[in-house]
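Q: The task is simple: from the sequences and hints, build the whole structure.
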Amino acid sequence: MKFIKFTFALLSCAIITSCSTDDDNSSENLTGQTGNVVIKFDNGVGDQDFVFGTSYNKSNEESFKLNNLKYIISNIRFKDNEGNTFLYPIEKNVFIVSEDEGNNAGEILLTLEDVNAANYTEVTFGIGIDQERFSKGADGQGDFLAKAQDAGMMWSWASGYKFIRFDGAFSTNTITDEGLNLHMGSVGTSLDNYKETTLSLPNSILVRADKNPEIHIKADIMKVFDGVESVNFADGYDQVHVDAVETPIIATNVAAMFSVHHVHND
Amino acid sequence: MIGLQNFNFRLLAGFIFSLTIQLMYGHEVKPPCESHVYKPLSPLCDLCGCSTGSGSFGFGTLGNSNFVGLRYINQNFESRDGIFINSPKSKEVFNTYQLWAQIPVNNSINITVNLPYQNLTRKRVNANTETLRGLGDASAIGWYKVNFYKKESDALTFNTERQPSGHVLQFGLGVKLPTGKFEEALADNVNPGFQVGTGSVDGVFSLGYNYGTNKFGLNTLMTYYVKGENRNDYQFGNQFSYSANFFTAISKANYNIMPFVGISGDMYNKIRQFGETIADTDGNIINTTVGSELAIEKFIFGLNYTLPLSQNIFGGNVTSKNRFSLYVNYAL
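Chains as they are written, first to last, in the numbering used here: chain D, 14 to 279; chain G, 2 to 333.
Do not take every clue at face value.
As the list claims (entries may be wrong) - In silico DSS-like links for lysine-lysine, alpha-carbon gap of 30 Å or less:
hint	chain 1	residue 1	chain 2	residue 2
1	G	Lys-124	G	Lys-90
2	D	Lys-236	D	Lys-78
3	G	Lys-92	D	Lys-224
4	D	Lys-231	G	Lys-322
5	G	Lys-271	D	Lys-92
6	G	Lys-90	D	Lys-231
7	D	Lys-231	D	Lys-105
8	D	Lys-224	G	Lys-124
9	G	Lys-90	G	Lys-271
10	D	Lys-236	G	Lys-90
11	G	Lys-253	G	Lys-151
12	D	Lys-71	D	Lys-236
13	D	Lys-231	G	Lys-271
14	D	Lys-208	D	Lys-71
15	G	Lys-124	G	Lys-271
16	G	Lys-271	D	Lys-224
17	G	Lys-322	G	Lys-182
18	D	Lys-224	G	Lys-90
19	G	Lys-124	G	Lys-322
20	D	Lys-78	G	Lys-90
21	G	Lys-90	D	Lys-71
22	D	Lys-92	D	Lys-236
23	G	Lys-92	D	Lys-231
24	G	Lys-182	D	Lys-224
25	G	Lys-299	G	Lys-253
26	G	Lys-124	D	Lys-231
These are calculated hints, taken from the structure and not from any lab test.
A: In structure tokens form, the structure reads like this:
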């Protein structure tokens, strides 16, 4: 009998505790509210953190090590849980992700300010510069032109931007430490290598005035060589610049090297 | 809201079912020593700093006497500070100082209370050491004890004094309060347990079975924690803790020594934030503990050392290294 009483006591307590203070946020009015979003780019090779000067083995008994690793990210936009898209203002929406500007953990942070408050579930961005931005001419590039020149991410204006830049050395089973240079971009207007990638987020990010959500993106550098298509240094992919066959393959591989590891809502 | 209640009912039903099974098949429990509760990283505060009041740490003493006392717990963790295998490791040291007590209400009922003070540090490679100090989450559990007695053999005994059989069942029902401060910014850490409190009101449901003679004893305990959501829409995963300790009693003229060995474990569900489940925030750990108590007159001195036997916490991003605990209690 006592046990039955006890069970009832337990039951009633459970009912009490299960009444959580669930103040539903669905009626929250977000109109006019904005917040920041941090996108963290983290370069790695498989499950290893990328480190300059470290030799990484790829397919076909080839290996590579780098002393320079940069790429251009542009046209970042977010899709919310209602299907609306927020495009970050175009004039500010172009960044250079440079491994040598990483923090202690090798993470490169891009901060997007004044993003419309919403619950976003998807991010899209481009790798490189699209033809529309390029067509605005040198004067239409704003500060970014000088930034790209300083970072070594341009050929001449006529040839345009280098979308990715890898410099280092490669080895095969017959060659040791020969120069490796991938300077892939569009070639003026004749060859368009701008690509976009869309990644769904494992958890929504809540953009609000009082929050600082963060998207942690992992870039698997190995996929530049062993990605959608595998390429060999021995076949000419040790020097990739403006070749009409090689650059689209590298551009496709680069666009597929990104994944969202996790997000934070703090 | 309704969904949540249904969910809790299911949990409750499961809990009561397991209680019933325990009653049918045996005598289980009352284990004073619970192992420690781990919660996962970014979201798992219960796991670490704020979980030190939990079942796997133990709510009481081996002999199950009433007391007031002080307990110190030192826990060490290693967390991956990044998303890669070769990311730097940070070291976390959690020091907990607890005022704890077991207070009798009557022959069948007593209450255990626990008021922790937390001092947590996190050492990162090439970065400042972070320190977090403050009052932790207080908890109180009411225990209802069922003593079993020897069968009155041979019908002719008129002795009304029944002989205790040494088997004791114990039910606990309690609450953990958000007296420790939950800092939302810290929830981003690889180790979500780096918090002095969960910020939530949690329900605690326990079932214990103890058996003891003059020479040895066995204390077992199972505890289920129903975690509430805190003000930051953050909710640690529900947790199941279990422990079993076997002790012997060595009686001397002026003192008793009670060495013990035990096994304990914690299982955590995933953390939820803003109504979504966060990946890699669940966990499972099994520990082994050795220790001893020394009773001199009214004082009980205890010490124990705990090592994990197997673990997978926060997607493997957090590793529990060891735990050391010291206490001194005054018997009531």
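Q: Evaluate each hint against the coordinates.
A: Hint-by-hint comparison with the structure:
Straight-line distance between C-alpha atoms of G/Lys-124 and G/Lys-90 comes to about 9 Å, which keeps the hinted pair within the 30 Å bound. At roughly 14 Å between alpha-carbon atoms, D/Lys-236 and D/Lys-78 fall within 30 Å of each other, so this suggested pair holds. Note on G/Lys-92 and D/Lys-224: the hinted pairing holds, with a Cα-Cα distance of about 27 Å set against a maximum of 30 Å. Note on D/Lys-231 and G/Lys-322: the hinted pairing holds, with a Cα-Cα distance of about 29 Å set against a maximum of 30 Å.
For the given pair, G/Lys-271 sits about 26 Å from D/Lys-92 by alpha-carbon distance, which is consistent with the 30 Å threshold. Proposed proximity of G/Lys-90 and D/Lys-231 is supported: the alpha carbons are some 19 Å apart, at most 30 Å. Only pairs whose Cα atoms come within 30 Å are accepted, and D/Lys-231 paired with D/Lys-105 is accepted, the gap being roughly 23 Å. Pair hint D/Lys-224 plus G/Lys-124 holds up; C-alpha atoms about 26 Å apart against a cutoff of 30 Å.
Between the alpha carbons of G/Lys-90 and G/Lys-271 the distance comes to roughly 23 Å, so the proposed pair stays at or under 30 Å and holds. As the CA atoms of D/Lys-236 and G/Lys-90 are separated by approximately 26 Å, the hinted pair is consistent with the 30 Å bound. Of the supplied pair hints, the one linking G/Lys-253 and G/Lys-151 holds, its CA atoms being roughly 28 Å apart against a limit of 30 Å. For the proposed pair D/Lys-71 and D/Lys-236, the alpha carbon gap of about 9 Å is at most 30 Å, so the pair holds.
At most 30 Å may separate the alpha-carbon atoms for a hinted pair to count; D/Lys-231 and G/Lys-271 meet this at roughly 23 Å. For a cut-off of 30 Å, the pair hint linking D/Lys-208 to D/Lys-71 stands: about 24 Å separates their Cα positions. At most 30 Å may separate the alpha-carbon atoms for a hinted pair to count; G/Lys-124 and G/Lys-271 meet this at roughly 26 Å. Proximity of G/Lys-271 to D/Lys-224 is assessed by CA-CA distance (about 22 Å); at most 30 Å being required, the pair is judged to hold.
A threshold of 30 Å between alpha carbons decides the hint, and for G/Lys-322 with G/Lys-182 the separation of about 25 Å falls inside it, so the pair holds. For the hint linking D/Lys-224 to G/Lys-90, the alpha-carbon distance of about 27 Å falls within 30 Å, and the restraint holds. Between the alpha carbons of G/Lys-124 and G/Lys-322 the distance comes to roughly 15 Å, so the proposed pair stays at or under 30 Å and holds. About 24 Å separates the Cα atoms of D/Lys-78 and G/Lys-90, which keeps this hinted pair within 30 Å; it holds.
Between G/Lys-90 and D/Lys-71 the CA atoms are separated by roughly 27 Å; this keeps the pair inside 30 Å, and the hint holds. With a C-alpha separation of about 26 Å, the suggested pairing of D/Lys-92 with D/Lys-236 holds against the 30 Å cut-off. Using a Cα cut-off of 30 Å, the hinted pair G/Lys-92 and D/Lys-231 holds, with the two alpha carbons roughly 24 Å apart. Annotation: proposed proximity of G/Lys-182 to D/Lys-224 holds, straight-line Cα distance about 18 Å (limit 30 Å).
This hinted pair checks out: G/Lys-299 and G/Lys-253 have alpha carbons roughly 15 Å apart, not beyond 30 Å. Taking the CA atoms of G/Lys-124 and D/Lys-231, the gap is near 25 Å; set against the 30 Å cutoff, the hint holds.
Of the numbered hints given earlier, the model fails none.
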